[in-house]
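S.K.: Chain by chain, the residues run as shown.
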Amino acid sequence: MADVRDALVRGDCADAMAELEQRDPADRNKMLHLCEMGALCNAMGNYKSSNQALLAGVNIAREYDDRARVSLRNSAAFAAALALNDRTIPYRGSPFERVMMHTYLATNFLLLHDLEGARVEILRAYAVQKQLREEHEKRIARTKEEASKRNANMGGIMNKVSENFRDQRALLKKAGNVYQNAFTYYLSALVYELGDETDDAYIDYKTVHALNPDFRPAWTDLLRCSKKLGARGDYADWRERFGSGVPEDIPAGHGEVVVLYQCGLAPEKEEIRFVVPIPVNKRIHPVHIAFPKYKRQPNPVTRARLRLNGREAGTTYPLVDLEATAVRDLWDQAPEIALRAALRAAGRVASAEAARKQKHGEFAMLGVFLAGAVLDRADLRSWLTLPRDIQVLRVSAPAGTYEMGLELLGGGSVAVTPLENVPVRAGRITLVHLRSVGIHGKADYVAF
Amino acid sequence: MKRIVAVACVVAFVAAFAGCARQGTRIDPNVEGVATHDFNPKDLQIIGKKAVKQLLERSDVQDLLASRSGPDGKHPALYVAHIRNRTDEHVNSEAISEYIAVEMDLTGKIRLVEYTKAKEEAIAQLEFQQGAFADPTTAKQVGKMIGADFFLQGELTNISARAGSKKVQYFMFTLTLVDIETIESKKSRVEIQKISKRGWFGW
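Heads up: the protein sequence lines correspond to chains V and W, in order. Quick note on numbering: the first sequence equals residues 1 to 448 in the numbering used here. Quick note on numbering: the second sequence equals residues 449 to 651 in the numbering used here.
Bound conformation, chain V alone (with noise of 0.2 Å):
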């Protein structure tokens, strides 16, 4: 994926795709590919195709998620991974990950202007955040009842697994709730404003304010909402609580422009190996394991400004950091990932102790040993195509027809190619997409 992203950050979204239609994917990493198609279409303007990757990829992890309890195929794989490595295992998607796929559909969705289809994704993405929380609650029983019985020393392997990401503790503190997504909850309100649902709209841009406090966009919507709706008590507490300069009502004859802005590209995992203490046979060795570990991209880019007719009309607002939300994401699955490390780990050591006691013991020992350290990868899959972080601007505009002039802000500023003759209608949304990886970016409108 190296040349993907290499072409992405020289603003040649065409040689990416070039780059990515010429690998043919395993079956276990077919989902993933789906993904990245999805996400590189999406930048790419290219809705329509983008939902076809992206309906395959869900259709795959749906099944995936229907298979029996007990699966042959997943069992295979299970034991694969014990045996050699996690990349044996087919790819699921990251709870997030997972998330964003309904989100890309119906933004996609939003911008073929077809509400209804963007609304099904809504209630799948909701319907998915839900099912994966549950899941990774039962996930967590398993893992720590399998170490147990096991007798993993689960203790001392996570404090290592700790030292190694000390360096990323920040950013764990920024990521909030991997299992809501703030820009999920976002698009859904906007969906439900669209479909002349308030109600519905209400509760998600409360959810949105509760997952981001000090994302403003949504002070406006909660005010204007619960004005709308006639929710007094609730009116007055917002008022209180944002003050009496932030704005709640769409002056008549105006329209509204909201961007939703894609920034930047997702972390890239990278293997690191650390020595861990594992149990086998009643004694303690020490035994390198391998790991994986996001590593943080640089973007010039910070913020985007959008100007309409030339005159400045507003800077984006950051929503969600998917960086620090994937960080965290791996930082939950780090007890699973763990445990097979060390299950593998202590199998070698097992391996290697009853090799040693054969004839020429000492080369099989050695044979294992250096089978196990060629064989040990961490797995590094993830979604690169995604953005580093999303965010958000909401403006009001007189009614009318804009040159709209979106520029990248960072050490200095880069202008994109301005969209020409958007239409802004008086009481009605015109949604812009804008979409940049390094100082290279792509606006797209729609007009409901």
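Please note that a few of the clues may not be correct.
Unchecked claim - Straight line, CA to CA, 30 Å or less: simulated BS3-like cross-link-like pairs of lysine-lysine:
1) K138(V) / K615(W)
2) K138(V) / K614(W)
3) K130(V) / K642(W)
4) K615(W) / K144(V)
5) K130(V) / K557(W)
6) K642(W) / K144(V)
What the hints contain is simulated information worked out from the structure, not anything from laboratory work.
Given chain V, work out where chain W should sit, using these hints.
M.R.: Leaving out everything else, chain W in the frame of chain V:
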């Protein structure tokens, strides 16, 4: 001998799996081909048929339709407006709309008009026929489009629930007949519930 046995085994193996490539077979469209947890063609048929039947069997609906019949005995005019999908599945709501339109048409109790779909096409054709390029002897008259008396709209919703290995899916479809002049409405409702279970053992 051993070679013959080996070849025979290979041939038997190939013959056994030769049918495994996906082949299609035509079956009666009224038979459920594959029973799925999600919305499937059989659900569409159940909804379309039952919703229309339930509505038209009501005596008050029959009276309402009769009240709009013309003095010449012509049946009331009706069109199918939007069928909304409020479920968490990508359901082809256009297909439901068309199925209901056909079911209504087949009853012979209404005159179906194409207000939402074909009207623009017909207007474009009429404009062409009034223009210089069309033979005036074949041109149709403007101002003869039928004003509808009623429209139908529908909504499909679902509720899903999961407990352990069991999943329940409940669909509810409501069909509403609306009198355009008075906005009086009559409704029918069709419910479908499905349960599926994740097996203990499988591939």
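S.K.: Confirm or reject each hint.
M.R.: Verification of the hints:
1. K138(V) / K615(W): 18 Å, holds
2. K138(V) / K614(W): 16 Å, holds
3. K130(V) / K642(W): 21 Å, holds
4. K615(W) / K144(V): Judged against 30 Å, a Cα distance of about 27 Å means the pair holds.
5. K130(V) / K557(W): Violated, at about 48 Å.
6. K642(W) / K144(V): Roughly 35 Å between the alpha carbons, so the hint for K642(W) and K144(V) is violated.
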